[in-house]
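Novice: Listed below, chain by chain, are the residues.
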Amino acid sequence: MKRIRRLGRHSRLLVQVLFTALTNGYLLGFARGRIYQGESKQICVPGLNCYSCPGAVASCPIGSLQAVLGSRNYRFSFYVIGFLMIVGSLMGRVVCGWLCPFGLAQDLLHKIPFVKKIRKVPFDKQLRYLKYVILAVFVVALPLFLVNVAGEGTPWFCKLICPAGTLLAGIPLVSMNPALQAAVGFLFGWKIFLLILVVLLSVMIYRPFCKYLCPLGAIYGIFNRFSLYRYEVDEEKCTKCGLCQQKCEMDVKVFETPNSAECIRCGKCIKVCPQQAIHTTLQRSRNCKKERC
Amino acid sequence: MKRERVKTGVGCLVLLAGCLFLLYGIHRGEHLTVEQKSSMICLECIGIG
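These protein sequences, in sequence, are chains A and B. Our numbering puts the first sequence at residues 117 to 409. Our numbering puts the second sequence at residues 0 to 48.
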């Protein structure tokens with residue numbers, strides 16, 4: 117019983133690890149330094165998971181969006197945007213908290229002890245808008261408008277920023293392929309520098325990439341307000357004690373904006389609320405069924 | 000309560016629109032572009048291209 121309770125306490129970590137293993141399950145790729153080429157790569161995964169990761173069995177939605185926008189044949193991606201609308205309208209940023217491999221990496225890094233944790237980042241409020249700028253400029257505008265003579269764009273976010281690509285794909289592939297090692301240059305150095313920066317910041321600050329840089333988080337955040345899975349605060353029960361905000365590592369004022377674009381649905385606020393005033397729409401419909409309302 | 004119902008309604012509408020978008024994207028063959036791109040090592044993604 118104790119073991120089950122302990123598992124329940126770590127349920128989010130368990131889901132994160134299982135989903136990462138499931139979507140990066142092509143172990144042969146890691147052994148051979150090659151990537152998976154099956155038909156399942158037509159399908160996108162909900163989280164930021166580079167499709168050039170040797171283990172990846174599906175595609176990253178941000179990489180796919182840039183690939184379609186930058187292709188000669190299409191200037192709009194109904195396929196990827198439709199996929200993002202489906203996932204977003206169902207669960208919003210649950211993806212960030214529960215299903216994203218790079219979110220898991222940041223969570224684990226932040227667990228490293230003996231380093232002073234920074235809770236209040238200077239210019240935090242302004243920096244949170246940076247991810248929307250990155251989405252608009254590097255994911256949409258540049259791949260769409262900056263094209264070569266053949267009319268093809270470049271995935272600028274993947275090329276210049278994405279540390280998930282460096283971690284999941286760049287390092288494993290380059291370390292196993294002499295041909296790729298020979299081609300390494302300034303760009304690879306820049307991406308390694310960015311990755312190290314994100315790793316170091318992740319030890320001190322909770323999920324800095326999700327808070328300030330991730331374009332996928334920016335997209336799902338827009339859906340948080342009206343996704344079918346969202347949080348509700350019972351105004352009659354809530355005493356506005358602020359305990360939920362104190363516990364929230366994304367620094368969301370849960371009692372005022374339970375469906376903030378910054379909330380990654382980790383569920384800590386629900387657990388910590390002494391009045392049990394915060395619940396999810398799923399819990400509400402379950403209670404409704406019990407009471408037959 | 001009414002506000003919550005409106006939000007649920009908007010969520011359902013977006014979900015429906017998402018399904019239509021996805022199907023239209025498949026009809027246009029966008030999934031093949033995704034497969035084509037993701038089946039080769041993306042040099043830009045790994046910091047070489």
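Rather than coming from a laboratory, the hints here were simulated on the basis of the structure. Where hints are given, some of them may not hold.
[To be verified] Chain B is nowhere near these chain A residues, computed Cβ spacing over 12 Å in every case: (1) 137; (2) 177; (3) 200; (4) 243; (5) 284; (6) 287; (7) 307; (8) 346; (9) 362; (10) 372; (11) 402.
[Stated by the list, open to error] DSSO-like mimics (lysine-lysine), calculated; alpha carbons at most 30 Å apart, straight line: (12) A:384 to A:363; (13) B:6 to A:227; (14) B:1 to A:233; (15) B:1 to A:227.
[What the hints assert, rightly or not] Some but not every residue of chain B turned toward chain A, in silico, with C-beta under 7 Å: (16) 13; (17) 32; (18) 33; (19) 44.
Quick caveat: nothing in here was measured; it's all calculated off a predicted structure. Using N, Cα and C, we set each Cβ at its ideal position, and we do this for glycine too.
Novice: When the hints from earlier in the document are held up against this structure, which numbers fail?
Specialist: 2, 3, 5, 6, 7, 8, 13, 14 and 15
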